[in-house]
Every structure is written in structure tokens, then in C-alpha cells.
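Produce the entire structure from the sequences given, and follow the hints as far as they go.
Residue numbers (numbering that gives the first Met the number 0), protein chains in the order written: chain A, 0 to 219; chain B, 0 to 219; chain C, 0 to 219; chain D, 0 to 219.
Just to be clear, a hint being listed does not mean it is correct.
[What the hints assert, rightly or not] Covered by chain D, per the in silico footprint, the following chain C stretches (three or more residues, Cβ under 8 Å):
1) 21-35
2) 56-62
3) 104-111
4) 182-191
[Said to hold, decoys possible] Listed next, the in silico BS3-like pairs over lysine-lysine satisfying Cα-Cα at most 25 Å (straight line):
5) Lys-115(B) to Lys-48(C)
6) Lys-48(C) to Lys-83(B)
7) Lys-199(B) to Lys-83(B)
No lab work stands behind these hints, which were simulated from the structure alone.
Predicted, not measured: the structure shown is a model, and the values here were computed from it.
Ideal placement from N, C-alpha and C gives every residue a C-beta, glycine not left out.
There are 4 protein chains.
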Amino acid sequence: MENRKNQTRTKETSRVEAFSDGVFAIAITLLVLELIQTLHAQPGERLLKKCLEHWESFVAYTIGFITLLICWINHHVAFEYIRKVNTTFMWINGFLLFVVTLTPFPTAVLAEYLGKESRTALAIFGVNYILIAIAADAICTYAYNHHLIDEEHREYYYSYKLIYRYAIFFNVIAFLLCFVSIVIPIILYSILFVFFAAPKEFSSRLHKRRINKKNARKNK
Amino acid sequence: MENRKNQTRTKETSRVEAFSDGVFAIAITLLVLELIQTLHAQPGERLLKKCLEHWESFVAYTIGFITLLICWINHHVAFEYIRKVNTTFMWINGFLLFVVTLTPFPTAVLAEYLGKESRTALAIFGVNYILIAIAADAICTYAYNHHLIDEEHREYYYSYKLIYRYAIFFNVIAFLLCFVSIVIPIILYSILFVFFAAPKEFSSRLHKRRINKKNARKNK
Amino acid sequence: MENRKNQTRTKETSRVEAFSDGVFAIAITLLVLELIQTLHAQPGERLLKKCLEHWESFVAYTIGFITLLICWINHHVAFEYIRKVNTTFMWINGFLLFVVTLTPFPTAVLAEYLGKESRTALAIFGVNYILIAIAADAICTYAYNHHLIDEEHREYYYSYKLIYRYAIFFNVIAFLLCFVSIVIPIILYSILFVFFAAPKEFSSRLHKRRINKKNARKNK
Amino acid sequence: MENRKNQTRTKETSRVEAFSDGVFAIAITLLVLELIQTLHAQPGERLLKKCLEHWESFVAYTIGFITLLICWINHHVAFEYIRKVNTTFMWINGFLLFVVTLTPFPTAVLAEYLGKESRTALAIFGVNYILIAIAADAICTYAYNHHLIDEEHREYYYSYKLIYRYAIFFNVIAFLLCFVSIVIPIILYSILFVFFAAPKEFSSRLHKRRINKKNARKNK
Chain A
0 MENRKNQTRT KETSRVEAFS DGVFAIAITL LVLELIQTLH AQPGERLLKK CLEHWESFVA
60 YTIGFITLLI CWINHHVAFE YIRKVNTTFM WINGFLLFVV TLTPFPTAVL AEYLGKESRT
120 ALAIFGVNYI LIAIAADAIC TYAYNHHLID EEHREYYYSY KLIYRYAIFF NVIAFLLCFV
180 SIVIPIILYS ILFVFFAAPK EFSSRLHKRR INKKNARKNK
Chain B
0 MENRKNQTRT KETSRVEAFS DGVFAIAITL LVLELIQTLH AQPGERLLKK CLEHWESFVA
60 YTIGFITLLI CWINHHVAFE YIRKVNTTFM WINGFLLFVV TLTPFPTAVL AEYLGKESRT
120 ALAIFGVNYI LIAIAADAIC TYAYNHHLID EEHREYYYSY KLIYRYAIFF NVIAFLLCFV
180 SIVIPIILYS ILFVFFAAPK EFSSRLHKRR INKKNARKNK
Chain C
0 MENRKNQTRT KETSRVEAFS DGVFAIAITL LVLELIQTLH AQPGERLLKK CLEHWESFVA
60 YTIGFITLLI CWINHHVAFE YIRKVNTTFM WINGFLLFVV TLTPFPTAVL AEYLGKESRT
120 ALAIFGVNYI LIAIAADAIC TYAYNHHLID EEHREYYYSY KLIYRYAIFF NVIAFLLCFV
180 SIVIPIILYS ILFVFFAAPK EFSSRLHKRR INKKNARKNK
Chain D
0 MENRKNQTRT KETSRVEAFS DGVFAIAITL LVLELIQTLH AQPGERLLKK CLEHWESFVA
60 YTIGFITLLI CWINHHVAFE YIRKVNTTFM WINGFLLFVV TLTPFPTAVL AEYLGKESRT
120 ALAIFGVNYI LIAIAADAIC TYAYNHHLID EEHREYYYSY KLIYRYAIFF NVIAFLLCFV
180 SIVIPIILYS ILFVFFAAPK EFSSRLHKRR INKKNARKNK
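What follows is the structure, encoded as C-alpha cells:
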């Protein structure tokens, strides 16, 4: 049984996963080009001084990398239960990839403008996060509604897809706060990072709470 | 039976698909480098103003991304029925990959010249589309004629490959109209995008019409 | 039997092939960056004039692309018969990948210097070809001598590996002729392209001749 | 039995391996962009003179390539015995990929500053090596402690993971020596290259010595 399912999955979703993996891998590696760019900026300067002066580039690089790695981990988990793909689903996944390939741009914006126009730079990065959350929500909701997922894990997948719905609201709030503060959105984004670093553990906890609530209601 | 076919496919076409997927994934991700380039253009300017002034870059990026995503989806569908490869087929596929890797160039042309020399920029992008259509037609026609495809779906594949033959003519017309207008070719390319966004659905409809016509002729 | 062999191959060589495919795919796609570079060269110029003036870039791009595609096709054929890998083999394959990743450099040299210092530019590209031929010969000879290949096709593989030995000598001659002429090495490289575009067909013909000679000798 | 294990591996670790392979392949291929950069530096100069003057770029390219190839070979061997992955493990692997994608930066530093500030450039590259060794040690130790590896090879894997623990100390010493000498760290890094070029052979020898010592102690 397990074997049969695995085979089906290989056939239908493998090329979409391979293509997505490729896009993720390249986007995450291209970030370094922006870092190398800083080396060529002022040729006369001393190496260590130059590296220290461009600390925003290193911060932006790290943020961009963690963002894309979290995206990939979540994509990996979401696809674990997906058994079939269709044209609409490929376009929704394509929208996610669009935002993923775009990510080096707000990362470069951060590197260049974190010191100068920090609020605008952070807000542009925030738009990116909202788009990622919308894409992730769309992927999971579509797969759930159109029965592309493993029927066995349907109940769990419902809880799983909820976390991306929450993420949209969370990101919109963080984005709006970029215009009044710098510290608060940074704290909010850090909380987001921690939760979505382990989407499986996060959604499992949510799932248990939902099941418990249901049972409590039944028992009443 | 299904299993056996799947195995054969894994063995013969998988490396061609993996290599093609890699090329598609990289070409689609490299587009962002052109976008980042605009950030370094005039260092003194304010961030938002710079982003708004370079709107052509964002438009070009989106067009380039959708073009390559449509290409990949069509490549994916075309290869679903292909069971064998030979040296000639690899060269035809190589020609498609040549046009795919080239695509970031007309995209950069669009970004740079859409505001200044819109007709020439659009015409260069149009040449790219003609080449893609020719390559897609060549892949499907060769696979069909040399029996590289699944014999079961031969009848359907005939209808499928027809859509790329039509696409060549459509693209040549759109290209020629670039020299007299800007709005008409943009409308034509948008129609093209809609149809080839879902090549399976498009060709299935065509296939049904062909079957119906055939039956009608028989009944006469 | 066929099935068992296929499985073995999947396990031992698949990750080497996947990594190599990735390197080939990226190297072949990075070539376009050099082409885009020409767009940013003289900002004031008209689009078509700029494209025509930089014809060397387009020629270099095409040569670079065909070179890497031929490399990939040959790598694909060579690995078709390889069943096992070991550390030494991975380093020999690593040397080939080193030359492959280097290829965008001589391509950029061609683009920049084909009009100015054509002989030196061609000679640098020639060094690249010699290195590729040495790497291809080393891969096949090592796989043959250390029994990493399918024992069934051992006889044929001997003929196959011969073509890369010949290629080394051919490339050294073409390289030396770069210092006295421009036309002759271009003709020689074109011949090389034609033969190695279809390595399977080329080596099969060679194999038949070898078998015929053997039989003729026996019959004497 | 063998077959069953192979299947399990395919399912659980394949996407992590595919993503890692992609990142390695791209990082190793991006190195050439730094090399091409030197071509555009002083446009007026003669080709051969320019290549000879920028010898540091070629040295840095070769060092960067060998570094990443060694990393990949070691990653390949470490994953050969890993059967399961979990979220924490994906983050540890993510940290390795972070250092891998970063590697083109210290390589570019080497290319630019090897002639001018050799000690600082070497020390920055040294930090990279320390981070790689820490990441490799973390991957193997975590996989060993949390039983993600094949139980059969547990004893051997213990010896295998030891080599990365040693590598950390070795790299810290080499890094510190960068501040007093240039020749000594280069010799130390060359020794490192030789040992980690064949991690399987290196750890097997270590394993045998450990087993022999154990037996000797028993016999006492």
C-alpha cells in the first residue's frame, strides 16, 4: 500500500518538485552575488574595513537565506501529502516560485538601504513576505479543496493549511507596523521565523488543540 | 503494465528531463539579476522613486517569468507521453533549451528599451516567441513521427502537436504587427499566454472537435 | 535482470549524474549574462545598432552553448554504461566539471576579443577543448580499466572510449594551428562538432569497423 | 532487504539531497562569474597580459572549486548512510548550505586581495573552512545521536564522524597561523585537501585502527 502510493507520487509530482527545488536552490545561491558586488564597490579600501562597513550586506544575506530556506522547508512539508497535480495547481505553485525568484531583489534592497531608508527597505521586504504567505495558503487550500492530497491525512492537512492563513494576517500587521517602527516588525518577523522554521511541529500542535476542542464539544 | 512503462520512462527520458528542468529553473531565476541591476544604477536616488521610475524592469521581469513558466509547463506536458529519446531528439530539445537560456536577453532588452524603443524591443521579444514555437513544434512532430511517444496516446498527441504549429503562424503575425502597432501585438501575446497556460485543456478541446468532425464525416 | 541493473545504477551513480547535470545546466545558462552585459555597455546607443555591433557576443554565445550541449550529450552517453563509482572516479568527473564550469570564461574571452585578438581568443578556447577531451578520455579509460561499466558492453565501450583519445590529438593540432591561421582551426572545430554531436553513432561506426577488421584478420 | 532500505531512503532523504546538490552545483558554477569580471576590468589591455596579471583570480577559482567539490564528495558520503530526516536535521543541513553558498564570497576575496592583503584574505577563507568543518561535524553527530543512520553501519559511522571533529581543531590552528605566516597555513590546507578528498578511505583507515586498538585492549 505504502509502496503504491509512493510510486504514484513519483510519477505525478516529481517533476514539479524537481523544478521547484531547482528554483529554490538557485535563488538561495544567487544572494551571494550581491555580497560579492560590495567587494568591487570602492577598490582602494582595505579588506576588513570594507567588510565591516558593509555589515548590512551580510545581515541582508543571512535574512534572505533564512527566508528562502524556511520557504523550501515549508514547500517540502506541503508537498509531502500531495499526490496529484493539475494545470491550475502548477500555476499556483508558479506564483510561489515567482515570489521566490523575486526574493533576491528585496534582499538587495535591504543590503543597500537598511542603513539609509530602513523603514521603506523593511516594508518592501514585508510585501515579499505577504506574497509568500498568500502563495503558501493558496497552494494548501487548493490542494485540500480539490483532493490532490492523500485522503488519509485530510484531517491533519486542514490544520496544516490553517497556519498559512494565520501567516497572511500576521504579515499584513507586521508590514503596516513598518511605517511606524523598526524594532516591532523585526520582533514580529523573528517570531514568524521561529514558528515556520518547524511547520510540521507547529501545525501538529495546532492540530492536537483542534482535536481536543472538538472532543470537548462532543462530550458536552 | 503501467508500472513497466513508468520504469522505461525513468530510464530513458529522466536525465533529459532533469537537465531541461535545471536549465528552465536557472533561466527563470537569472531574470532577477537584471532587476537588481537597476538598484545600482543611480546610487544617490531615493528607494521608492527609483523603483517607480524603473517600472519597465518589473514589467519585463513578470513577462519573462510567465514566458518561461509557460514554456516549462508545455515542456512538462509534451514529455509526459514521450517514452524514448535518441540523439536527434536531444538536439531538437537542445535547440529549445538554447532559446530558453536566451530568453533573459530579450527580457533585459524589454527592461531597458520598453520606454525608449518599444517597437524594436517588442519585436526582439517576438523573435524569441517564434523560435520557441518552432522548437516546440519540432519536438512534438519529431517525437510523433519517430514513434518516441506512447502508442496508446498517439491519436491525442496528433492534436496536441497541432497547437504548436498554429502557434508559429500566430507568432509570425504578432511579430509583423510589432512594426505598425504596440497595442495589437500586446493583445495577441496576451491571448497566446491564456491558451498556452493550459496546453492540456487547450489541446483536449481541439482533439474533441477533430474527433467529432471525423465522426460527422463518417456518418454522412 | 534489466530491472536489477537499473536499480543498482540508480543507487550508485544517480547523485553523481544529478550533480553533473546541475553543473552543466547552470554553466550553459550563465552564458547569457555575458550577452546581457553588452546591453549595459554604451547606454546612449540605439538598440538594433548595439546588437549588430556586438555580433561577436552572439557568435560566442552560440559556440559556448553548442560546446556545453555536446559535452552534456557525451557525458550522458558515457554514463549510460557506468554502473559503479568510486572516489577516484568522482575526482576525474570533478576535473571534467572543472573544465565545464570554466567554459563561460573562454566564451566571454571570445565575445570580447574575437574582433580584436582573434588568434589568442581562439587559442584560449582551444585550450578549453583540449582539457575537455583529456577529461572525457580519462573518465572513459578509468571506467573501462576499473570495471565500473556494464560487463556486457565492455567490447563496445572500448571503441567508444577510443573517440576521446582521437579527440585529444585532433584538438592539439587545431590548437597549434590557431597561431598560424584563423580559418583552418574554425573548420577543424566544426568537424569536431559534427562528430561529437552524435557520439553514439560515431563510436558505433568505429566499433563495426574494428569488428570487421578483427574478423578479416581471423579469416586470413 | 537491500531493496527495502533503498526505497525508504528514496522517500525520506531524496528531496534534501536534490536541493543540496542544486545548491552545491550552483555555488561551484557561480565562481566563474568572478573570473569573467576580470575581463571587463581594464578594457584597453591585451588579452594574454590581462590573464597573466590576474593570476590570483585563476588560483582563487581553482581553490574555490576544489573546496566545494570536496564538500560535495563529503556530503555525498555522509548521506550514503542516512535513512531519515527531521526538521532539526534539515536546519543543520541548511547551515552547511549557508556556508556553501557563502563560499564564492571568500573566493572573490582571495581573487581580489591575495596579492595585496594575503594574510587577511587567507584568514577570511580560513573562517569559511572552520564553519564548513563545524557544519559537517554537526550533521554527522546529529545523525548518529538521533539514529537517522543505517543501524548496520553505526560502528563505522562513529569513526566517520570523528574525522570532522578533528577537522575543526585542525582548521582553527590553520586559521590562527594565518596571522603569523602565509606558507604554513597553505601547507596545512593542502594536507586537509588530501585527506578530505577521499573521506571514505580516510575514515576506513581510522576505523580499522580503532577496531585494532579495541581488540588489543580486550586481549590484554
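Exercise. Against the structure, test the hints numbered earlier, and report the numbers of the ones violated in rising order.
Key: The structure breaks hints 2, 4 and 6; every other hint is satisfied.
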